[in-house]
Structures are given as C-alpha cells and as structure tokens.
Amino acid sequence: MEGQDEVSAREQHFHSQVRESTICFLLFAILYVVSYFIITRYKRKSDEQEDEDAIVNRISLFLSTFTLAVSAGAVLLLPFSIISNEILLSFPQNYYIQWLNGSLIHGLWNLASLFSNLCLFVLMPFAFFFLESEGFAGLKKGIRARILETLVMLVLLALLILGMVWVASALIDNDAASMESLYDLWEFYLPYLYSCISLMGCLLLLLCTPVGLSRMFTVMGQLLVKPAILEDLDEQIYIITLEEEALQRRLNGLSSSVESNVMELEQELENVKTLKTKLERRKKASAWERNLVYPAVMVLLLIETSISVLLVACNILCLLVDETAMPKGTRGPGIGNASLSAFGFVGAALEIILIFYLMVSSVVGFYSLRFFGDFIPKKDDTTMTKIIGNCVSILVLSSALPVMSRTLGLHKLHLSNTSRDSETAKPSANGHQKAL
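Residue numbers (my numbering): 1 to 436.
Source of the hints: derived by calculation from the structure; they are not laboratory data.
Because the structure is a prediction, the values reported are computed rather than measured.
Where is the CB? At the ideal position from N, CA and C, for every residue including glycine.
Possibly wrong hints are sitting among the right ones.
[To be verified] Calculated cross-link-like contacts (lysine-lysine; reagent style BS3-like; alpha-carbon spacing at most 27 angstroms):
#1 K283 / K43
#2 K283 / K379
#3 K226 / K43
#4 K386 / K226
#5 K45 / K226
#6 K278 / K379
#7 K284 / K45
#8 K283 / K226
#9 K43 / K284
#10 K273 / K283
#11 K378 / K43
#12 K379 / K45
#13 K43 / K273
#14 K273 / K284
#15 K379 / K273
#16 K140 / K226
#17 K378 / K276
#18 K276 / K379
#19 K386 / K45
#20 K141 / K226
#21 K141 / K284
#22 K386 / K43
#23 K226 / K276
#24 K378 / K278
#25 K273 / K140
#26 K386 / K284
#27 K386 / K141
#28 K226 / K273
[Said to hold, decoys possible] DEER-style ranges, computed between Cβ atoms:
#29 E132 / V312: 57 to 63 angstroms
#30 R281 / L162: 51 to 57 angstroms
#31 W288 / D381: 54 to 60 angstroms
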C-alpha cells in the first residue's frame, strides 16, 4: 500500500508538472505573438532580399520579441496573482480551477525572474553586438564571423563587469567572505546584479511616474475629441484649407534648385494637413464622443491619480508610525488564504487598475523625459537598434513594477507554500519567495 501511495504521489506530481509547463508555454506563446505584431508595426521595413544583414535583423527581431514578451509577462504576473487569489477564495472547491494553484504562480514568478536575467545579461547584449558586428579583420565574412565577434565582445563585457564589481567589493568591504561570494556566480552574483537592475528600475520609476501622471492628461487630450465649446469648426476648416492651398501654390511656383525653401514649405504643408485632419475628425465625431467620452475619461484619470497619491501618502504614514508595516514585518497571506483588500473582489480589481495605470504612466513619463525622447518608436520607421533600446528600457521598468507596487502598499500577497499546494510546491521557489 505504501508503494502504491508513493507511485500515485509521483504520478500526481508528474501530471501537475506537465500541466503547469503546458499552461506556461501557452501563456508565453500568446504574449510572444502579440509582441511580434507590436514590434513589426514599428520596425523599419527592409528589403525582401535574403542577404546577411537581413538574417541578422531577423535574429535580432526574434530576440527583441522574446524580451518584450518577457516584459509583458512580468507586468501581467502581479495582476494575475491578485485575480487568482480572489478566484480561489470565491470558488475553493471548483473542479475546473484546480489548475490555478500556488505552485503554478510560483513557477510563473520563477520563470519571469529567470527569463528577465537571461534577456538583460545575455540576449539583448547579444542582439546589440550581433547587429553592430562585421567580423574580425582577416577572417572570412559571414554569419559565423559575426557570431564569433559577438561572443568575444560578450565575454569581454562579462569580464569587465565582474572585474568592476570585484574591485568595488574590495574597496568597500575588504572581507574574505564578500570576496568568496563572488565566486558563487549563480547563487549570489546574478541575483545581486538583478537586484541592482531592479533598484535602478525603481529609481527610474520614481522619476518617470510623476512626470507620466501629469502627462497622461495631455496625451489623452490629444487622443480624444475635445468638446467644441464656443468654437466654429467649419470656419477653422475653411481657414486651414485656404492656408493649405496657398502653401501648395507657393510650393509649385518654386524651382527645385532652392532645396532649403522647398523643404521648409513641405514641412509646413505637412503640419497644416495634420491640423486639418484633426479638425475634420473633431467635426465628424458624434455628440456622445465629444461631450461625454472626453469629460468621463478626464474625470477617471483625475480619480485614479488622486487615489494613487492618497495610497502613497497613507503607506508612508504607516511606515513611519507602525513598525509592523515595515517590509521585515510584512507577511501577507498566501495564495487562496485571504483577500488582499477589505472590499474583496472590488478592492482587488481597483488595485489591478491602479497597477496598470502606474505602469502606463511610467512608460509615458519615460518617453516624456528629454534624455529618452529620441527613443520614441515611429510606425514603420524604427531601426532595430532603437527597438532593442526600447525593449531593454521596458524590461527594466517592468522588473521594478512589483517592488514599486509593494513599496506603495498595493501588493500584499506573500507567495508562501500553503496547505492548498504544499504537496506540489517547488523547492526552488523558496529563494524567490523571500524576494516577494
């Protein structure tokens, strides 16, 4: 009987592992396909020739798509964990949701952490150096020569980073234990390096999010149709049409030898056409879209911004007053044990909306900064180098989102082994549980 029970437990563990692997693969496949369509929408259209540069661009495209899919997964994991907790609380004995357990959530978090490290330290540097490589002088040109140069550059970069960290550790903490810890590359160095990347991402989020919260109103105002109050759109369209015709006549009258004047007039004509298109869109918009959608969206943005600021203020007060609110004393409920909000499912849905709003605001704020303004992708006119930079930036922001949400008091879920999934929980997840 004991042997049969052991075999049955092993079979159950095997089936659960296969089920979790299948679910993870399907979720990642969906994210990969969506990421591929997003990148190809902005990627500069190249020639259809199957030459060497086309193959290199295609490989870099696949690696960038993989990185963007990992970033999307890192952003969606936190809302997925919260909604899974509420579903397990609402339907604890439902047969059709038994696959949604703590072991699956652990596996997804571990895969997100592993793939984030892989993309940050291997895939994206490889894609960049591979894109810029030409092969060493004296060797036969081709894909193999470019791969060889890329691998050499990666090894040199890894040695440079290891040496810098080693020197910094010797200068700051001249201790034999700290020096020996650098030998343990997998258990200490890579998690520590990823923690530093998350710290930089948190600092970048703290810089970008306030800018994004203020810019969201401007961006939505440009996307939506504003109410036409005390405005005569017909008169404005008539004036802009006359201006367009005048510029067109001036452009036709200039000779091609005056290239500077021609370029200035073409740019001015393009701006006039863009303004005319916006006015025509405002005129064609329905009364509901003009008078209801725009005010409703602006009020919703104002409410979300106010709630975010209030949550930050309340969490800061709790950290100052209550000692148990500090991270070392925070031990939130596990998956399916208790609701994360006093308002139940409604409160969890509000937290998810705020998490997405903070992420969108941080991305808008990132592209609004003057230093990163050149990173803004353009439809069908974005180089692969700029796509790689955008993917790395979004990955850094997404990796810092769980830490940022926990700091703001939005995420109180603790991924510990509960009785629900104690039999199928992964031992390798223990180290990541402490980080969450």
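>> Flag every earlier hint the structure violates by its number, smallest first.
In response: 1, 3, 4, 5, 7, 9, 16, 20, 21, 25, 26, 29 and 31
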